[in-house]
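These are the residues of each chain, in order.
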Amino acid sequence: MPVDKITQVSQTKPWHGQIPVYGQYTYGIAGERFFREIKANGRIMGAKCSSCNLTYVPPRIYCERCFSELTEWLQIPDRGAVHTFTVSHVDLDGNRLDEPLIVAFVEFDGVHGGIVHRLGEVEPDQVYIGMPVEMRLKSKAKRTGSILDISYFKPIRV
Amino acid sequence: MRKVAVVGAGMTKFMRRAHETGKELAWETSRMALDSCDLTLKDVDCVVMGTAPDAFDMIHMKHEYLSDGAGAWRKPYVRGFLGGGTGVFTACQAWYHVASGLFDVCLAVSEEKMSSCLPHPQGAFVTCWDQFTESPLGTSLLWFFAWEMNRYMHAHGITEREIALVSVKNKKNAIEHPCAQLPGEITVDDVMNSEIMAWPVKRLDVSPTSDGAAVLVFAAEDVAKRITDKPVWVEGAGWCLDTMYIGQRDLYYPKYVEYAARMAYDMAGIKEPRHEIDIAEPYDPFSYKELHNAEGLLLCGKGEAAKLTVDGETQRTGRQPWCPSGGALGVGNAIAATGVMKVAELFWQLRGEAGGRQVPGKPRRGVAQAWGDEMQVGTVIVLGV
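For the record, the sequence lines run as chains C and L.
For the first sequence, the residue numbers in this note's numbering are 1 to 158.
For the second sequence, the residue numbers in this note's numbering are 1 to 385.
Don't read these hints as lab results, they were simulated from the structure.
Nothing here was measured: the structure is a model prediction, and the numbers come from that model.
Do not rely on the hints blindly, as some may be mistaken.
[Unchecked claim] A short, non-exhaustive set of chain C residues, derived as facing chain L with CB atoms under 8 Å:
#1 I6
#2 Q24
#3 G94
#4 D98
[Claimed, not checked] Taking lysine-lysine and the DSSO-like style, the derived pairs with C-alpha atoms no more than 30 Å apart in a straight line are:
#5 L/K302 / L/K255
#6 C/K5 / L/K42
#7 L/K3 / C/K13
#8 L/K302 / C/K5
Here a beta-carbon is modelled for each residue, glycine too, at the ideal position from N, C-alpha and C.
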């Protein structure tokens, strides 16, 4: 095939493109209630499917397994445990971070699912799978109805 | 369903291809695949296209843009899209187009061009998480791999050094692949000492982003037998999706890969995959994923893949070679094209045409698998001679 193998963009005439869209999306029926609860009442809610005996966090209006409509909501404890974690040393563009970022998946007793979030007030080498953590919320005045109304999860000191 | 064979294959060198557009890569490779079995575009009844996110090319519905390079002019044409699982699914999709009886010859084209996406193709994945509960944290693709790898190590007591052996093996296997991007002799210490991206994932645990294309030609039994004396039959195909929420599936074990594999194995009449399959190409975008996926493919028990690797059973000369191609880690990870590359590797291996990579002992059956979407799709194909 008569194709030169050029690896440097600087040797070619490039077209500069982007996909310029933005939008405003709806949180949806379940999402709006979930975030209003965090903002107003500082609590995480889940939605329960009685037929599958699962409590979904984040909550949904349907069960993905049996397709039932979920109408039973309940409060999730603000204490959970680290299910898994990573210590990230790079940002989204691959640049090194000044301070490593600890991000974890936090699970709660009796809940199917949980919350992906940062860990705070802890050093990277102190984190372990199974570590008990609790939610640290922003003050009510600063909450906007976002997952970032939770500042982070921090270890429970005993 | 009709019997279907793979009768031709082609692929480009995986590398940064700054000059050609994606459709030029698709054309170059489609021609190569057709030439390999002495067919022309006139012999092709339909085309399937596998290519991953539109954002890589900054063009929405990029399969339409790619269509003329893929040979789709005035032909039935469709794109399958399962994120990282796309490549192997492209082969599955080509298979059912022909197995259904609707078409005799199907061209399965895959193309990926990641180097144009700035500042890093990872940016294309920033907006693929749950937009309310995951993306606002600045969620990175790496985190998901790191969470899963950590959970996998924790569940079975597997070490980072054992996992590093996969990178060592695959990059070494790739030395014999003429299309490889990152072949080489490295050591476990090299992997361990490479920079930490998101612990426990280190630089050399990760496959390189790449530009490339890979194409296969599928034909119905009577046509295949006219085209070639060495048809490679599709014995089974399967695919399966798990929940999109990371916390609502078992991170330590890919159940959805098992379900996809069982679908393919049932079709192929395989009862004991660990004994009835000669070579495997599990998807290895990260070193631990080869082990994780191989367990999902039922090539060993849960948590046993690391030991098989340590014992050398998965080497090219081992009992059941895994990624004799060099895999995504060695050949490069041009997402959709890498999945098709894995199926092409089975094609070449089973025909005895893999050159310096040839697995000894005349392998008769192989399985290829890809994985992706929101880290929860498995796509599987079994080929045999």
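Enumerate the violated hints, using their earlier numbering and listing them in ascending order. 2, 4, 7, 8
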